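J.: Residues per chain are reported as follows:
There are 2 protein chains.
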Amino acid sequence: MSELRQDPTTYDWIIIAKERAKRPHEFNKNQPANKSLPVHNDGCPFCPGNEHLTPPAEATYGEPDKWAIRVIPNKFAALSPDGDTKREEWKLFRKSHGYGRHEVVIETPLHNQFIPFMDDRQVEALIQVYKDRYHALKKDPNIKIIIIFKNHGAGAGTSLEHPHTQIVASPIVPPYIRRKYRVTTQHFDNTGRCLHHDIERAELEENVRIVADTKHFIALHPFASHYPFETWIMPKAHKSSFGDISETEVKDFAKVLKEVLMKLYVGLGNPDYNFIIHTAPVDDEHKPYYLWHMQIIPRLTQAAGFELGSGIYINVAIPEDTAVFMRDFKL
Amino acid sequence: MSELRQDPTTYDWIIIAKERAKRPHEFNKNQPANKSLPVHNDGCPFCPGNEHLTPPAEATYGEPDKWAIRVIPNKFAALSPDGDTKREEWKLFRKSHGYGRHEVVIETPLHNQFIPFMDDRQVEALIQVYKDRYHALKKDPNIKIIIIFKNHGAGAGTSLEHPHTQIVASPIVPPYIRRKYRVTTQHFDNTGRCLHHDIERAELEENVRIVADTKHFIALHPFASHYPFETWIMPKAHKSSFGDISETEVKDFAKVLKEVLMKLYVGLGNPDYNFIIHTAPVDDEHKPYYLWHMQIIPRLTQAAGFELGSGIYINVAIPEDTAVFMRDFKL
Chain A
2 MSELRQDPTT
12 YDWIIIAKER
22 AKRPHEFNKN
32 QPANKSLPVH
42 NDGCPFCPGN
52 EHLTPPAEAT
62 YGEPDKWAIR
72 VIPNKFAALS
82 PDGDTKREEW
92 KLFRKSHGYG
102 RHEVVIETPL
112 HNQFIPFMDD
122 RQVEALIQVY
132 KDRYHALKKD
142 PNIKIIIIFK
152 NHGAGAGTSL
162 EHPHTQIVAS
172 PIVPPYIRRK
182 YRVTTQHFDN
192 TGRCLHHDIE
202 RAELEENVRI
212 VADTKHFIAL
222 HPFASHYPFE
232 TWIMPKAHKS
242 SFGDISETEV
252 KDFAKVLKEV
262 LMKLYVGLGN
272 PDYNFIIHTA
282 PVDDEHKPYY
292 LWHMQIIPRL
302 TQAAGFELGS
312 GIYINVAIPE
322 DTAVFMRDFK
332 L
Chain B
2 MSELRQDPTT
12 YDWIIIAKER
22 AKRPHEFNKN
32 QPANKSLPVH
42 NDGCPFCPGN
52 EHLTPPAEAT
62 YGEPDKWAIR
72 VIPNKFAALS
82 PDGDTKREEW
92 KLFRKSHGYG
102 RHEVVIETPL
112 HNQFIPFMDD
122 RQVEALIQVY
132 KDRYHALKKD
142 PNIKIIIIFK
152 NHGAGAGTSL
162 EHPHTQIVAS
172 PIVPPYIRRK
182 YRVTTQHFDN
192 TGRCLHHDIE
202 RAELEENVRI
212 VADTKHFIAL
222 HPFASHYPFE
232 TWIMPKAHKS
242 SFGDISETEV
252 KDFAKVLKEV
262 LMKLYVGLGN
272 PDYNFIIHTA
282 PVDDEHKPYY
292 LWHMQIIPRL
302 TQAAGFELGS
312 GIYINVAIPE
322 DTAVFMRDFK
332 L
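Going down the list, the sequences are from chains A and B.
In terms of the numbering used here, the first sequence opens at residue 2 and continues consecutively.
In terms of the numbering used here, the second sequence opens at residue 2 and continues consecutively.
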C-alpha cells in the first residue's frame, strides 16, 4: 500500500509508491563516464582558447593568463539588464521586460572535470565564486532573488557538456519561493524556531534518512521526497541567505557536496541531475525565518500528467532505502 | 529581449525567451506515426484477448462480447481503497495511508488508434466515460478531488503504447489545486465574475492566441504559457465541475479535442504529450468560482534546474506564433 506524505516546507503531498518502488541500485543509469569525454574540446565555447566565442567575462579567477573559473553573461540570457522592471497591464494580462541577469560560471578549464573529480580546493573556490557573484548581483537594487543552479546532462536540461553552473538574478520573487518563505515564517511565528532546523533535529533523532552529518552540514533524503534520491544539504548554523556562508562553512560544504555527487555518480552511473541553492529573497536575507540549503534532484524518472496537473508527485523510491544506500555506499 | 508574463490563474511568472525562441515548425519531433504500431499486440495487457492480464473491469462499454471502452483499476495503483484517510503525525512529519482510487480507461480495443484517429462517436463515448467515472468515484465521501489525465509517449511518462487515460481520485486536495481555486475565488469576490470567462473574453477581443472557437468551447495558447504549444480548452458555459458537462457539450468538446490533437500530431510529428482535466474539488463543484477546463502539454522541452528551483518556466516558444500555426494548420 502506498503512503501519502506531506512536505513540511511547502505543504505539498507526495505519494510514496511502496509497492512499485524500485530498489536503490535499480535506478542506475549506466551513462558514459566523464572519462569518455575529452579533457579539451576544440568546439566547446567554454574550453580555454575559445574565450572569444562567449561574451566578455564578468569575473575571472586563477592565474592572470590561465583562468581556473570564469564567469560570463549567458549568451542566450533568459533575463538581461535592459529596460526597466515596470509592469504593463492589459485586462488580466500582466507583463514586464525580461529585466535581470543571467550568468554562467565555467567551473573548470577542463572539459570533463565534473565536480566530484575536482580537488577540494577547487570545489571550495567554486562555492566561493557562487558567493561572490551573489554579492555582486544583489548590488542592483532591482534584484529581489538570486537563483544558483546547475543542469548536468541532457535529461536535466543542458546540451553543454563542459561543467558549468548558472545564476539568474530576478526582479520578481516568484510565488513558489514566496510560498516556501511564508511557510517557514509561519512556523517561526508559531514556535519561535526555524522550520528547517526543527526538521534537522527530527531527522537526526529518527536517523533513517541521513546521508551525511558533518560539523556544519547535514545531507538527507527528505521525508516527503518528490523524486528518487532527492537530496537536501542544510547548514547547521542559522543563516537565511547563502550569501552569509562563512569560510569554514565553504570548506565543509564543498566536502559534503563532492561526496554526495561522487556517490550519485558512482552509485547511479553518472545520472543527469540538477542542483539548486535555495536562499531567502534579497530583502529578507537577514530575517531569521528561513534557512538556505541546496536541493539536488537526480533526473531518474519523468513527471507525468498527474504530477503536472495536481502538484502531487509519485515517488517510486523509498527515501529511507535510498538514504541507506547513499550513506553506506563505499567509494 | 525576453518578456516576463504573469499567469492570471496562478500568479506564476513565466519568461517568454523571445530571442532564442524557435519558430513553431522547429518543434516538430518527427516521431513514428501510429501506423508504425500494430492494430493488435499479443503482448499488450490492454488489447482484447488479454483481459485476464488486468484486474477485473470496473465498467465495460460497447457490445456484451466486444468492448469499445474498458475501465479497470490500475494494477500499479498510486492510491487504493484500503485503510483510512486519518493523518498520522510524528514531529513535523505528517502522513496517511495511500487511500483513494486509481483507474485506467482503455480508450479503444485497437492498439494503435490514437484519439485523433477515432471517429467522432468514439471520442464522444470516451468523454462520456470520463464523466461517468467522475460520478462513480465521487460517491465515496472520502474522495475530495478527481484528476483525469493522459500520458502519451515515453517522454510524457508512460511506457504503455495502447491508448489509455488515467483517473486518480484523492482524499486530499493538494495545495496546487487549492491555490488555483483560491485565485479564482478571490477574482469572483473582487468582481462578481468568473476569472476564466474574463480570460476568454479578453482573449477573444485580443484575438491573437485563439486556436479554435466553437459554439461551446474555446481552445487557446495561454498568454503566460508555461510550455511550447501548451493549450487550454475552456467551456463557454459556466460550470465549475467537469462532472456537469452536458450531452451537447460532450459532442462539441470531442470535436475540438480531436482537432487540436490531430493538428499537434501532424504539425509536430506525433509529439509526446499530457492532458489534464482541471475541475473544482468535489465539495466545491457547484460553487460559481471556478471553470473546469482541459490543459494539453506537449513535451517538447525539458524543465531544468531553474524551473524546478524557482517555479518560473522559461518558454522558448511565443504563444502568439504557435497559436497562429495551430489555427491555420491545414489538415
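Misleading hints may appear alongside valid ones.
Given that identical chains are not distinguished, each listed pair holds provided it fits within a single copy or across any two copies.
[What the hints assert, rightly or not] Computed list of lysine to any residue pairs in SDA-like fashion (alpha-carbon distance at most 25 Å, straight line):
{"#": "1", "residue 1": "Lys30", "residue 2": "Tyr62"}
{"#": "2", "residue 1": "Lys19", "residue 2": "Leu54"}
{"#": "3", "residue 1": "Lys87", "residue 2": "Cys48"}
{"#": "4", "residue 1": "Lys145", "residue 2": "Val184"}
{"#": "5", "residue 1": "Lys36", "residue 2": "Asp133"}
{"#": "6", "residue 1": "Lys23", "residue 2": "Phe330"}
{"#": "7", "residue 1": "Lys181", "residue 2": "Tyr12"}
{"#": "8", "residue 1": "Lys96", "residue 2": "Leu38"}
{"#": "9", "residue 1": "Lys30", "residue 2": "Glu260"}
{"#": "10", "residue 1": "Lys139", "residue 2": "Arg88"}
These aren't lab readings, by the way, just hints derived from the structure by calculation.
The structure displayed is predicted, hence computed values, not measured ones.
J.: State for each hint whether it applies.
T.: Results for each hint:
1. Taking the shortest Cα distances, Lys30 and Tyr62 never come within 25 Å of each other, neither inside one copy (34 Å) nor across copies (41 Å).
2. For the identical chains of this complex, Lys19 and Leu54 are inter-copy neighbours only, at 22 Å across copies versus 49 Å inside a copy, given an alpha-carbon limit of 25 Å.
3. In this homomeric assembly, Lys87 and Cys48 never come within 25 Å of each other (Cα to Cα): the closest approach is 38 Å inside a single copy and 57 Å across copies.
4. In this homomeric assembly, Lys145 and Val184 come within 25 Å of each other (Cα to Cα) both inside a single copy, at 19 Å, and across copies, at 24 Å.
5. In this assembly of identical chains, the alpha carbons of Lys36 and Asp133 never lie at most 25 Å apart, being 31 Å within a copy and 56 Å across copies at closest.
6. Only within a single protomer do Lys23 and Phe330 lie at most 25 Å apart by alpha-carbon distance; the minimum there is 17 Å, versus 44 Å between protomers.
7. Both within a single protomer and between protomers do Lys181 and Tyr12 lie at most 25 Å apart by alpha-carbon distance, with minima of 9 Å and 15 Å respectively.
8. For the homomeric pair Lys96 and Leu38, neither the shortest alpha-carbon distance inside one copy (42 Å) nor that between copies (44 Å) is at most 25 Å.
9. In the homo-oligomer, the alpha carbons of Lys30 and Glu260 lie at most 25 Å apart inside one protomer (19 Å), although the nearest pairing across protomers, at 38 Å, exceeds that limit.
10. Taking the shortest alpha-carbon separations for Lys139 and Arg88, only the intra-copy value of 21 Å comes in at or below 25 Å, while the best inter-copy value is 42 Å.
Checked against the numbered hints given earlier, the structure breaks hints 1, 3, 5 and 8 and satisfies all the rest.
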